[in-house]
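Q: In case you want the letters, here they are:
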Amino acid sequence: MNHSLLRIITLITGLLLASNLYAKAEYTLKFATLAPAGTTWMNLLEEWAQTVKTQSNGRLVFKFYPGGVQGDEPDVLKKMRFNQLQGSAFSGHGIGQIYSPARVMELPFLFDTFDEIDHVRNQLMPEFEQGFHDNGYELLGWMEIGFVHMFSKEPIHSIKEMKSHRVWLWQGDPLGKAFFDASGVSPVPLSIIDVYTSLSTGLIDTVYSTPLATIAMQWHTKTRYVSDIALTNAIGGLIVTRKFFDKLPADLKKLLQTTGKETGEKLIAATREDNDKSVAELKKRGLTFIPPGDGMSKPELLLIRDKAAAELMRSNYIPKSLFDRTSQMLQKFRSTQSSAKAIMAN
Amino acid sequence: MMKLLKITSLLLMVLWLSACSMGQMVARSSVSILDGAVDAMNRETDLVLAESAIPANLKLMEGLIAEDPGNTDLRTYAAQGFYGYAFGFTELDDARRASALYQRGFDHGVSALQEQGLKIDLQNSHPDKIKNAANKLSNKSVPALFWTASNWGKQIDLNRDDPTRLAQMSSVEALMQRVTELQPDYYYGSAHLFYGVYYGSRSPMFGGDFKQSELNFNRARAVSDSKLLIIDVLQAEYLERQRLNQENFHRLLTGVIETPVGSFPEMELVNQIARERARFLLEKEGEWF
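Going down the list, the sequences are from chains A and B.
Take -9 as the starting number for the first sequence in this note's numbering and just add one per residue.
Take -5 as the starting number for the second sequence in this note's numbering and just add one per residue.
Read the hints as simulated data drawn from the structure, not as lab findings.
These numbers come from a predicted model, not from an experiment.
Heads up, a few of these hints could be off.
Unchecked claim - Covered stretches of chain B (in silico footprint by chain A; criterion: 3 or more residues with CB under 8 Å from a CB of chain A, positions within the stretch not fixed): (1) 38 to 50; (2) 157 to 166; (3) 226 to 240.
Glycine included, each C-beta is placed from N, C-alpha and C at the ideal position.
Isolated chain A, as found in the complex (with noise of 0.2 Å):
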């Protein structure tokens, strides 16, 4: 074989394999989040992308809509609906309206470690899968938040000082408003829109949100205080219609799957150290972490939160068998959790 054909097989090859790889797309996945562009998880959402287009050569790629573009969660989830966007990263506001058990990994004071939520995570994770699967969507990632801190103007010590602030509700949201009742809290239900004014007129004088949070909507330079106890961790997820995801091809829905429960990992490590380092952001600002008073001993905050699920079962909105799994899980945990430490230290 001579060294001009040689060339022309190569340029051939070549040829054939760009042409492969940057093919029309068959499959356009139009994405949204409320995650700004730039953002170590718009970042990582990218570099998901790029993973899915690269091995997909090029048939399935991602439209994303970063920042909020497409609007709040509930207007991202009726354009789903519509088809308009065949996905989404929700937080638990989100999954909530599309298969709110999910959320009982939402409720207050539940976990007290990462490993914790880990464990449970796992275990219940085939379970929301196929709760979101029954619903009409797909759940291909699991995400964070993080945990959920009470930020406020004037030091908080107790849930009997919280009574006597104006206190933040996300409007809408049944969780949240379940730990109020059962915290004897009235808040102010909002649009989280419009937090930022309302800190600044005085309307509310108190919110909850993780620091990483609280910091990219500058609601930190409203507050002064923070609680040291966390009221949960707040959870998200990777998801896309059914209507879309039906439709792929077997190699094709499965690359999603895969891919998204990678990107969901990364994703939960980026937002952890993200908060770790937003909390040391707000402590160099100045910012005062408020140690648990009176009224806030572990048994009396467990009383807060089985309240507010026992109200969250009434309606069925996180059924009752799965919470009573869960706490069986965690107990379980803990105390192989205390053995193994109990035999390390004999």
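Please build the complex by placing chain B on the supplied structure of chain A, with the hints as guidance.
A: Just chain B now, kept in the frame of chain A:
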């Protein structure tokens, strides 16, 4: 009498020279030359020539600053120069490098502001404290305030994955607020332009406000009589993208490209950069909408 005058002049000269090194004298006398150089650069229509020439000017400025570190005019020109070079010629191709250039611009701006009396740690102070400190500054600090805030804002924009940077956003606004109070039409109303981007680049959930954004873009237009094309480009890039208005996005950018060269001779370089950026953004239209 003449002899006495000569001796006095000589003594004064010696005293002045001892207080001010030769390097400082050269640096100080160069400021007026730089005024002319900046004006000439603003009128440049050849982007290739401008891109090649600006780095040498920046290094010259840094050389002069090394001789006279407390020279606020030089520091401010450097802040402006680094911003212009990063925004016009670096950011779209190499965000990491642009970020480093904005940082250098910011550092020069901070030095100028410190010389003018802003003696606080800008990056770690609460916005209220920055606001109070900035309130003590007068009109002469407007250029340093504006270019420091502009470099800082872009630094944050290019490092949105860093919580430390994100936490500083309200502080930048505190500086720019002072510019709008003191001299809102500085640099063709660019503080309004800043607010157009500030409110337009985020969803309302993250503190964005589309009405405020549009209002500020229009205020900026009024100052330059709609001749500064970068206003349309930034409105398309930030506000129209954020509120998902493809029609406006396309109309504004094609309008910029179609505006004949020479429509605003005093700011032709910025307008050429605007045209270049408009072409880049139009290529993204299919991806973003």
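Q: Does each hint fit the structure? Answer for all of them.
A: Status of each hint after checking the structure:
1. Beta-carbon proximity to chain A at under 8 Å applies to 0 residues in the stretch 38 to 50 of chain B; the threshold of 3 is not reached and the given coverage is violated.
2. Taking a C-beta to C-beta cut-off of 8 Å, the stretch 157 to 166 of chain B contributes 6 residues in contact with chain A, enough for the three needed, and the coverage statement holds.
3. With 4 residues bearing a CB less than 8 Å from a CB of chain A, the stretch 226 to 240 of chain B meets the requirement of three and the coverage assertion stands.
Hint compliance for this structure: hint 1 is the single one not met.
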